[in-house]
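Peer 1: Working from the sequences, and respecting the hints, build out all of it.
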Amino acid sequence: MKSINPQDLSQVEFYRYLIGAIGPRPIAFASTIDAGGQVNLSPFSFFNVFGSNPPTLVFAPNINRHGQKKHTLLNLEEVNEVVINVVNYAMVEQMSLASAEYERGINEFGKAGFTALPSEKVRPPRVAESPASFECVVKQIIETGTGPGAAHLIVCEVVMGHFHDDIFNEKGLIDPHKIDLIGRMGADWYARANGDALFEVGRPRPGVGVDQIPPAIRNSTILSGNDLGKLGSLETLPTADEVAAYRESGVLNELFDEARYGCQYLPDLLHLRAKDLLKAGKTPEAWLVLLQSEVGLSNSVR
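Position 17 (the sequence shown) corresponds to 17 in the numbering used here; numbering is contiguous.
The set of hints was computed from the structure by calculation and includes no laboratory data.
Honestly, I wouldn't trust all of these hints.
[Claimed, not checked] Keeping only pairs whose Cα atoms sit at most 20 Å apart, straight-line, the calculated SDA-like set for lysine to any residue is: (1) LYS178 x ASN194; (2) LYS279 x GLY225; (3) LYS121 x LYS139; (4) LYS121 x VAL58; (5) LYS69 x GLN11; (6) LYS275 x SER224; (7) LYS282 x GLY250; (8) LYS69 x ILE106; (9) LYS282 x SER293; (10) LYS275 x ASN253; (11) LYS275 x GLY229; (12) LYS121 x ALA35; (13) LYS111 x SER96; (14) LYS282 x VAL243; (15) LYS121 x VAL79; (16) LYS282 x PRO238; (17) LYS178 x TYR190; (18) LYS2 x LEU18; (19) LYS279 x ASP196; (20) LYS178 x GLY161; (21) LYS121 x HIS162; (22) LYS282 x SER224; (23) LYS275 x ARG218; (24) LYS178 x TYR89; (25) LYS2 x GLY186; (26) LYS279 x ASP268; (27) LYS279 x LEU228; (28) LYS282 x SER220; (29) LYS171 x GLU200.
[Unchecked claim] Restraint-style ranges between C-beta atoms, simulated for each label pair: (30) ALA240 x ASN53: 46 to 52 Å; (31) ILE106 x GLY186: 24 to 30 Å; (32) PRO215 x ASN53: 41 to 47 Å; (33) THR221 x GLN68: 50 to 56 Å; (34) THR144 x GLY202: 32 to 38 Å; (35) GLY67 x PHE199: 41 to 47 Å.
In this text the structure is predicted, and so the values were computed from the model without any measurement.
Glycine residues also receive a C-beta, built at the ideal position from the N, C-alpha and C atoms.
Peer 2: Structure below.
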């Protein structure tokens with residue numbers, strides 16, 4: 001384990017640890033306008049949603065390496081309105097181009113080839129190509145420090161949302177496969193939230209917990225932490241009668257035979273079978289398999 005005190009490194013050195021370890025980070029593609037009506041468009045990966053009553057988004061333009069405020073922050077100090085546009089895979093290269101350090105007053109909509117659409121409740125335009133855009137009023141700007149890397153937290157209240165029709169599923173919910181979001185990683189790396197990168201984890205009710213899993217199962221070299229999490233999510237364990245009935249069904253006879261004739265160690269066989277069942281989402285049956293171990297050893301392996 002590598003332990004590091006931020007005070008022992010330069011700001012840039014510890015920054016690299018932060019952005020390498022904390023991700024993927026969603027991207028706020030922020031469009032702002034100054035008092036003279038000049039538009040700026042810039043991405044920020046220090047960003048997330050922080051509440052829904054009222055709907056609140058927070059992003060943070062950091063002081064740049066020259067010790068200067070970003071143009072986005074300068075604009076917000078003049079006009080306290082912003083549109084936060086969501087970035088998906090289809091626009092990532094254009095978004096990256098907009099992040100270049102152009103002179104203040106240069107419109108990144110044109111430089112990056114984006115289409116500006118008028119907003120309904122705020123002055124900055126929104127990005128037509130973005131799958132979702134949030135018109136916001138800035139409620140607070142919180143300074144966290146001074147000098148390069150210091151952040152200004154921009155606390156925004158959403159006053160209007162815009163969503164492309166083609167990102168919704170048949171239930172009217174945003175489909176993660178259709179919106180095809182990206183996230184920022186360390187260095188030049190990004191992550192795409194699509195394909196095999198997407199997976200579901202059911203919302204759990206209070207289960208038995210990992211602490212109630214028998215030590216022989218909890219300390220398995222075959223079952224992973226994720227496997228134990230699934231096992232601990234079950235609300236009630238199978239009864240002794242259910243375990244016995246499952247054994248008597250004969251579904252595990254081949255495993256007992258392998259162990260009986262010394263081919264393999266029975267707990268390992270049971271743990272491997274349970275792991276496959278957990279992967280298939282069959283947590284109750286995985287428990288039925290795992291709880292055979294003591295019974296199987298005493299009754300079937302002589």
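Peer 1: Indicate, hint by hint, whether the structure satisfies it.
Peer 2: Now the hints, each set against the structure:
no.	hint	result
1	LYS178 x ASN194	holds, 8 Å
2	LYS279 x GLY225	holds, 13 Å
3	LYS121 x LYS139	holds, 15 Å
4	LYS121 x VAL58	holds, 19 Å
5	LYS69 x GLN11	holds, 17 Å
6	LYS275 x SER224	holds, 9 Å
7	LYS282 x GLY250	holds, 18 Å
8	LYS69 x ILE106	holds, 16 Å
9	LYS282 x SER293	holds, 18 Å
10	LYS275 x ASN253	holds, 18 Å
11	LYS275 x GLY229	holds, 12 Å
12	LYS121 x ALA35	holds, 17 Å
13	LYS111 x SER96	holds, 11 Å
14	LYS282 x VAL243	holds, 15 Å
15	LYS121 x VAL79	holds, 13 Å
16	LYS282 x PRO238	holds, 13 Å
17	LYS178 x TYR190	holds, 18 Å
18	LYS2 x LEU18	holds, 14 Å
19	LYS279 x ASP196	holds, 15 Å
20	LYS178 x GLY161	holds, 18 Å
21	LYS121 x HIS162	holds, 12 Å
22	LYS282 x SER224	holds, 16 Å
23	LYS275 x ARG218	holds, 13 Å
24	LYS178 x TYR89	holds, 11 Å
25	LYS2 x GLY186	holds, 18 Å
26	LYS279 x ASP268	holds, 17 Å
27	LYS279 x LEU228	holds, 12 Å
28	LYS282 x SER220	holds, 19 Å
29	LYS171 x GLU200	holds, 17 Å
30	ALA240 x ASN53: 46 to 52 Å	holds, 48 Å
31	ILE106 x GLY186: 24 to 30 Å	holds, 28 Å
32	PRO215 x ASN53: 41 to 47 Å	holds, 44 Å
33	THR221 x GLN68: 50 to 56 Å	holds, 54 Å
34	THR144 x GLY202: 32 to 38 Å	holds, 37 Å
35	GLY67 x PHE199: 41 to 47 Å	holds, 43 Å
Of the numbered hints listed earlier, not one is contradicted by the structure.
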